[in-house]
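Colleague: Read off the chains here:
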Amino acid sequence: MKFDDIQANLLKTIANLDGVPQGAVNIRIDGSPALRHSSPNIQIIPKQDKPGFDLEVAPGTKGETVHVPVILTKSGLTDMVYNTFIIGEAADVTIIAGCGIHNSSHMNSQHDGIHEFILYPHSKLRYVEKHYGEGSGQGKKILNPTTTVQVAEGATIEMEMVQIAGVDDAVRTTTVHIQEKGYVKMIERLLTHGDQHAESHVEMHIDGPGGSGQVLSRSVAKENSEQVFRAALIGKADCAGHVECDSIIMDHSKIRAIPQLVAEDANAVLTHEAAIGRIAGEQLIKLMSLGLTEQQAIDTIIEGFLR
Amino acid sequence: MLRLENLTMVVENNQGENREIIRDINAEFEAGKVYGITGPNGGGKTSLAKLIMGIYMPSQGRIYLQDQDITPLSISERARLGIIYAFQQPPRFKGLTVKDLLNIARPGIDNLHLRSTLRDVGLCPEDYMDRDVGPGLSGGEMKRIEMAQTLAREAVISIMDEPEAGVDLWTIQKLIAVIVGKYKKNPRLTTIIITHNENMLHICDEVLVLESGMLVHRGTPEKIWPHIRDEIECKMKEQCSGEVAYEIR
Numbered sequence: 001m002k003f004d005d006i007q008a009n010l011l012k013t014i015a016n017l018d019g020v021p022q023g024a025v026n027i028r029i030d031g032s033p034a035l036r037h038s039s040p041n042i043q044i045i046p047k048q049d050k051p052g053f054d055l056e057v058a059p060g061t062k063g064e065t066v067h068v069p070v071i072l073t074k075s076g077l078t079d080m081v082y083n084t085f086i087i088g089e090a091a092d093v094t095i096i097a098g099c100g101i102h103n104s105s106h107m108n109s110q111h112d113g114i115h116e117f118i119l120y121p122h123s124k125l126r127y128v129e130k131h132y133g134e135g136s137g138q139g140k141k142i143l144n145p146t147t148t149v150q151v152a153e154g155a156t157i158e159m160e161m162v163q164i165a166g167v168d169d170a171v172r173t174t175t176v177h178i179q180e181k182g183y184v185k186m187i188e189r190l191l192t193h194g195d196q197h198a199e200s201h202v203e204m205h206i207d208g209p210g211g212s213g214q215v216l217s218r219s220v221a222k223e224n225s226e227q228v229f230r231a232a233l234i235g236k237a238d239c240a241g242h243v244e245c246d247s248i249i250m251d252h253s254k255i256r257a258i259p260q261l262v263a264e265d266a267n268a269v270l271t272h273e274a275a276i277g278r279i280a281g282e283q284l285i286k287l288m289s290l291g292l293t294e295q296q297a298i299d300t301i302i303e304g305f306l307r
Numbered sequence: 001m002l003r004l005e006n007l008t009m010v011v012e013n014n015q016g017e018n019r020e021i022i023r024d025i026n027a028e029f030e031a032g033k034v035y036g037i038t039g040p041n042g043g044g045k046t047s048l049a050k051l052i053m054g055i056y057m058p059s060q061g062r063i064y065l066q067d068q069d070i071t072p073l074s075i076s077e078r079a080r081l082g083i084i085y086a087f088q089q090p091p092r093f094k095g096l097t098v099k100d101l102l103n104i105a106r107p108g109i110d111n112l113h114l115r116s117t118l119r120d121v122g123l124c125p126e127d128y129m130d131r132d133v134g135p136g137l138s139g140g141e142m143k144r145i146e147m148a149q150t151l152a153r154e155a156v157i158s159i160m161d162e163p164e165a166g167v168d169l170w171t172i173q174k175l176i177a178v179i180v181g182k183y184k185k186n187p188r189l190t191t192i193i194i195t196h197n198e199n200m201l202h203i204c205d206e207v208l209v210l211e212s213g214m215l216v217h218r219g220t221p222e223k224i225w226p227h228i229r230d231e232i233e234c235k236m237k238e239q240c241s242g243e244v245a246y247e248i249r
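Chain order of the listed sequences is A and B.
The numbering used here numbers the first residue of the first sequence as 1 and each following residue consecutively.
The numbering used here numbers the first residue of the second sequence as 1 and each following residue consecutively.
In case anyone wonders, no lab produced these hints; they're calculated from the structure.
Fair warning: there could be bad hints in the mix.
Unchecked claim - The following label-pair restraints were derived from C-beta to C-beta distances:
#1 Lys-254(A) - Pro-187(B): 53 to 61 angstroms
#2 Ser-136(A) - Arg-119(B): 49 to 57 angstroms
#3 Gly-219(B) - His-252(A): 52 to 60 angstroms
#4 Ala-165(A) - Glu-77(B): 25 to 33 angstroms
#5 Val-171(A) - Gly-42(B): 49 to 57 angstroms
#6 Gly-181(B) - Pro-209(A): 54 to 62 angstroms
#7 Ala-34(A) - Asp-110(B): 43 to 51 angstroms
#8 Asn-224(A) - Pro-187(B): 51 to 59 angstroms
Stated by the list, open to error - Listed below are the simulated BS3-like cross-link pairs for lysine-lysine, each with C-alpha atoms no more than 27 angstroms apart in a straight line:
#9 Lys-130(A) - Lys-222(A)
#10 Lys-94(B) - Lys-130(A)
#11 Lys-222(A) - Lys-94(B)
No residue lacks a Cβ here, since even glycine has one placed at the ideal position from N, Cα and C.
Here chain A stands alone, though its shape is the one from the complex (with noise of 0.2 angstroms):
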């Protein structure tokens, strides 16, 4: 399988791909899965009702990466895309997903997809999205992710969802369940910038004694871009919850942070913490008097605030 240079710039961008990957992979571009190969442990099985797979890793699997990177490069093209990862007993594996757009007309170009993940007890999986978008036309590079996330007891899974540049809409929607002793740490990392609109909506349950989670937003918001981001946590049981949300603000841009927390069991403890401010002063000073120059030093606090 050979890419055409604006596809192997998006997948370097978005999975870190240089070529095709070894394991299990699932390319979809344009609409339309342009390869897909499975492993002994982990199979990918395209939906028969509906665009999209089942990706189904093997009890007890240790140690393996699956690459099920998105691209778009037509523009006018709505792709709409819904995946199932089904995790299975203490099973432990990295999934490296994300979503690259190129387009340079007039016309948007969108990509929805719909991920339901089911982790089995004791399972463990890293999630690394990447959203990128590129192009210099008018057209939009639209990206609204929905995600469902059921986390067994004793599961875990880490996930760090990433948009740093060129996506002018963005609607995410999170929603977890989480059941005894499970785990989840989400980290959300944004930047906008221009005209560009995010918006984040996270619903954590935690449903089972001893679970735990944490959701935490860095997020930068330039020029007159605008951000909105909504996490509630809803601790059912005896449990743990921590929201964090972060966020420097430039230039004429907008951001809402709304954490909330829904208590319903005595035992429950949750808690957040939102802050929202511009560059200090003395941040930029620090740094012009080791030798930076105004602007070095921004981006300089940026790169280091969403790493």
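Chain B: place on chain A using the hints.
Modeller: Same frame as chain A, now just chain B:
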């Protein structure tokens, strides 16, 4: 060599009145020497340091670095000419590591140099190199990391603002030894230490006393120290009139 000529800084207070923070200071700082600046709180020590770094701009007077007038230059330009200021209260950066900051202070610093610099300020490289310079560090740790950047940069003019504040006694002794070893004998470098610490003042070649924005004394530590000590004792007596002692009894 650094030269301050008729340096004055006026700021407006809350009532809209002008106040002279720095008053007509003239001073020269030669290469190869360590200078101490001391004096009461609010005397203008940090303001003077920030004027030299370009963080504050003077209302009158000039600053010369090796006979070049640097008064109109920005912070970054002065930094590139070889001035560094180690902050009294260094700011924190979420996401930047100790290693990142040392790399900015000295671009391309090699691993060996990085590690020895951290050890010089009493920090174990393994534990600190990849640590975030964020809210997880104590004030004392932040001060040591600040000093590490100053040491790594090896600037022509290094201004250290109370480097010993919040740092434990053992590290202060080590820090003093490092300053003596690295700066005192180096004929290229000028070091200015703002301090109240007697041991720190005694390694200085010369001590300047700032009070109410004015340079009131200048001399060797041996000459200046008794003067400072007597003055502090006098002031205590004047302010308390012995009342505190009675109350304690």
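Colleague: If you test the structure against every hint from before, which numbers come out violated?
Modeller: When the structure is compared with the hints, none of them turns out to be violated.
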